[in-house]
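Quick note, the sequences are listed as chains Z and D, same order. The letter at position 206 of the first sequence is residue 206 when you use the numbering used here, and the numbering goes up by one with no holes. Here the numbering used here runs 338 ahead of the position in the second sequence, where the first position is 1.
Hints may be right or wrong, so weigh each one.
What the simulated footprint calls covered on chain D by chain Z, stretch by stretch (three residues with Cβ under 8 Å from a Cβ of chain Z suffice, anywhere in the stretch; the number is not a length) [claimed, not checked]:
#	stretch
1	345-354
2	428-435
3	461-471
4	483-494
Hints listed in this document are in silico derivations from the structure and should not be mistaken for laboratory results. Note that beta-carbon positions come from the ideal geometry of N, C-alpha and C, so glycine has one too.
As a plain string of letters, each chain reads:
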Amino acid sequence: MAQTQVSERELTMSRAMVEAVAHEMRENEEVFLMGEDVADYGGIFSSTDGLREEFGYDRVMDVPIAETSYIGAGVGAAQAGMRPIVELMFVDFFGVAMDQIYNNMAKNTYMSGGSVSVPMVLTTAVGGTYNDAAQHSQTLYGTFAHLPGMKVVVPSTAYDAKGLMHNAIRDDDPVVYMFHKRLMGLGWMPAPDGPKTGVPEEEYTIPFGVADVKREGADATVVTLGLHVHRALEAAEALAEDGIDAEVIDLRTLTPLDTETVLESVRKTGRLVVVDEDYRSYGVTGEIVATAAEDALADLEAVRRLALPDVPIPYSRPLENEVLPGADDIAAAVRDVQ
Amino acid sequence: MYEDMVTARYYEERLQEEYLEGKQPAFDISAGPIPGELHLAAGHEASGAGVCIHLRDDDTVTAPHRPHHVAIAKGVDLKRMTAEIFGRETGLGKGKGGHMHLFDPDVNFACSGIIAQGCPPAVGAALAAKKRNTDSVAVAFLGEGAIDQGGFLESLNFASVHDLPVVFVVEDNDWAISMPKERITDVEDGSRRAEGFDMHGARVDHDDACDVYEAAEEAVGRARDGNGPTLLEVQVHRRMGHFMGDAEGYRPDADVERHQARDSIERLAADLRGDGVDEADLEAIRSDAETRVDEAIEWAKEQPEPDPEAAHEDAFTNPPNGVTEEEPAIAAGDGGGDD
Chain Z
1 MAQTQVSERE LTMSRAMVEA VAHEMRENEE VFLMGEDVAD YGGIFSSTDG LREEFGYDRV
61 MDVPIAETSY IGAGVGAAQA GMRPIVELMF VDFFGVAMDQ IYNNMAKNTY MSGGSVSVPM
121 VLTTAVGGTY NDAAQHSQTL YGTFAHLPGM KVVVPSTAYD AKGLMHNAIR DDDPVVYMFH
181 KRLMGLGWMP APDGPKTGVP EEEYTIPFGV ADVKREGADA TVVTLGLHVH RALEAAEALA
241 EDGIDAEVID LRTLTPLDTE TVLESVRKTG RLVVVDEDYR SYGVTGEIVA TAAEDALADL
301 EAVRRLALPD VPIPYSRPLE NEVLPGADDI AAAVRDVQ
Chain D
339 MYEDMVTARY YEERLQEEYL EGKQPAFDIS AGPIPGELHL AAGHEASGAG VCIHLRDDDT
399 VTAPHRPHHV AIAKGVDLKR MTAEIFGRET GLGKGKGGHM HLFDPDVNFA CSGIIAQGCP
459 PAVGAALAAK KRNTDSVAVA FLGEGAIDQG GFLESLNFAS VHDLPVVFVV EDNDWAISMP
519 KERITDVEDG SRRAEGFDMH GARVDHDDAC DVYEAAEEAV GRARDGNGPT LLEVQVHRRM
579 GHFMGDAEGY RPDADVERHQ ARDSIERLAA DLRGDGVDEA DLEAIRSDAE TRVDEAIEWA
639 KEQPEPDPEA AHEDAFTNPP NGVTEEEPAI AAGDGGGDD
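Only chain D is shown next, with the shape it has when bound in the complex (with noise of 0.2 Å):
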């Protein structure tokens, strides 16, 4: 789990770095080599690490816009994720998903850049699950400004009645862009929402990774052995804007405060030399992580552009091919009413 905070934290720093390159003074979110929204979840590491650590390659992650730390924890190759959000022909989509558009298949791995719509998916692939017999079980992450959406709560209600194999995680950051919690919501504790379907319901009031791991060892658990799904809500602290440019001229600057007062990570290095690691560990594992990083950062940006042509290509697996001279295998007819 640290080694997953750590890669995630340091790698939205680099690619911070990255994306204000050529942004600077004037913002254009165009320019540089990081084109379009950014949108970076410092702050969230614990639930991407602490769930998707109970996940195997077979089990299905879908994520929300803000997916770097929990396609990190899940495995998603990170050179080819790096060489996607830099819009690179061998991006993991060859330029054409950017970084709210993620897919890995290896690793079961996907994204939709709107509100609560990897919600159904994810149904889906647990009820993929299910038909086949298999234990692999399916995680949709959203933020908590995505509770009210239909996709989630029509999910919760599909999951329930049919006992999916399906984890939702509700990273609670307390702000849905600029809308603070308590006004979208008079619900504090989200998981309560599980009740009105019936279905398990668990909240981690704060962004511990071991306390987030135990409630998704439950839950994860609940799921693989047939028992049904389980929305999981996780405290998370957005350390950030919304997106990378956002001025959060609505935020007042205690929040900021407190949010920046409290991180997963350093608390869980806290943790960890409690239990006796030595500090030289640690910093190898932030090391380690670093390198990887940076090495994965200059890989994708040396990776070429996509041929422009290419934009014509992938829009389906088998392109139809409109006419060919062909006859049809069995021809049509007969249906005309004419004869």
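For reference, chain Z alone in the conformation it holds in the complex (with noise of 0.2 Å):
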């Protein structure tokens, strides 16, 4: 069960990341980062705000706009020892450099009977919400989960985008941290209430799988990550109001993938809402509600999912709206479950 972490200090969920980056990167010489924009603009989504002007251009690159190139190169550096950060702008973008990151990063180690490692991170943004269309707004937290050989982090808040970070760039493993662009506390972009969290100045590490428990509750089990999170937590809320009391857990990665937690709650609540932002056919739904039907079929009294429709994002906003699940949509599936 998680516990409250004090801390005065509040920080955006990307100032939590570049804190454990940079230091990372001062603790240890073979970290570097690179990646479009990383190091003049700092990250097209701040995730890397700051870093040059502490680092230099020789630690924080900026590279030409050719994934294949650049986070093939990173597999390589990662193969080699070092521990690379590399960034993809938008996860939207993996097609130009799947080979890159599915032949190369994520089997190496396989193929090799484990006598390769590749200890590198792959940051990339996610996420809808602001109307850019099909082609910058997916999260597509399912089409990497799905590849094995990857550990896949999401995480939801300030403080656990850090500890999450810590442990990405330390694990010896190929890790895609996925941050959503609405969590990251851009002026250009307002966050919920929520991703914006104390965190201690000092580094700490958060283990991956392990899911968090946002909310206790004894109705309904809501499983769900990134900014779902908090649209949860919003919904638990207003159903807070009707006298049922949902549980919100935050997955937090998805490989590994802390299914105990999950059971467990299934297994008090008998009802399961697993909300994504990703596609619904194949997905992340699909995986929890399979995996709760395995293990805790006898407990399971009724099960929702909430996701994409197998829609491409759509521009408009109205339509936008339609098709990404809201709080209003979260708390009408626990009703509907109960």
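Using the hints, put the two chains back together into the complex; each one sits in its own frame.
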């Protein structure tokens, strides 16, 4: 069970991420960062803000807009024993470099029978809610979690973002670190309440595979991640006014997946709602429901899935609002399983 | 070089024999002691040997789907490589990689079975060398069929803009599987592509190992001295089909005859004789190579197949254990927004 971490100092999620990266870069000369617009610009979503000023261009490298070469170069540097952090600006751009991501980064450890390690962090921005249409708004949690060989991390708060980043950089395996744009605390993309949290100044790690029960409840289990943790919590507040007590679980990592926390909750509440900003078919919602069905079927009374219907993400505001699960949708789904 | 070349040639002859066992008379790719595809490099030996002779164990080489001659020249463990090709437990990758995916970290050798995709990791190894201020270099081998791939072109640019110690070796065997070179490029001299990236380019017009040696010496030296990357194209000859079982219906007989008539190994042997090397010495090198290859193959065949349970291992260096009963070092929390 999670414990409240007391810290006076509040940070945005992007500041918390950067703080962990800076700490690791100071501690370990082998850690470096590269990506498009990560140096002077500080990352389009402020994911690398201020790092170039401290570490210079040699360790915070702007690269050509050519994902295959620089993500693949990250693989090569990692195999040589360095610890690159490589940013793919939008997860939607994965296609141009997927061969390096999937056929090299994710598979070389296995194909080498464990003799090759790829200690690399691939950071990437995910998520919609700002009308950027179908090539800049996806989350694709399911795509990356579906591919074996990579660990997949999705922070929802500043506290988690820092601890998970420390862990990601220190991990000897490739980690895909997916940060939701709407949670970063950008001036031009206001975050909901929640992601800006107290963050200790000192280093700390959050282990992978440990979900966080963000809100305890007895009547239904809401399993989610990323932005939708906050939407689920908002829904839970509304439900509480109606006397429905929802438990909200933040998965935090998809690989490894904390099935025990999910099952424990489902055994307690008997009702499961899974919320995901990714596409519905073959995605996180199906995975969680299947896990519950396999191991807690007797306790399961009702199940609902909320995810993007299987359409590309539309541009127009009312259309995007229609397809992205909102707090009201989550509340309705929880009421539906009562 | 001669030793590496005759070793590679004989090795592949022996692999071919082993590969065809159980696959005749009807060719079944999954039958026999060596499963899967097999891409042989007969006719490519001069490029592997002529380049890798300038490399040390701490230099990185990435090879494509046709890797054996390069692996041998780089000093990859012959027995464990062979065991890997036979899919055995003691293979380089414990039987998980196979002939297109050979990894030997002891000599910094890696493969990618996908066209041009070994280029970016080689660039990354060179980047690591530069960042660490070592004088090690990286060499990416690829075929001329890979020169239109983004992974190759992006890597040339990346290596050039950062002055990285990397050599791209294009093995031009005139055939991208069934596609003749003239149908994939108007640039006959592929090394000219280097000009577009403001990097050095060189071409060796025939597979004379001594010419490759000299061109590679300059390219590797340039990289090692901190003077940036080189694109080196070497004309080689594909004496076999693209893969074992390829009937090569697309290939004119004259082309096959022309390639069979040129043999870099015979040429090098003639040169060596001309330099006064005794035939007996050449024979001794060949004989030693054959002995080592035969031993490697016999050893590999005696190795056990992997335990099926091992298929579940090695996806990660630090396998995720899922949830333990222990509390995390610092338990998470606070982030919920509900407090």
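Quick rundown of the hints versus the structure:
1. 345-354: Coverage by chain Z is violated here, the residue count being 0 at a Cβ distance below 8 Å.
2. 428-435: holds (count 7)
3. 461-471: Since three or more residues must qualify, the claim that chain Z covers the stretch 461-471 of chain D holds, with 9 doing so at under 8 Å.
4. 483-494: Coverage by chain Z holds here, the residue count being 4 at a Cβ distance below 8 Å.
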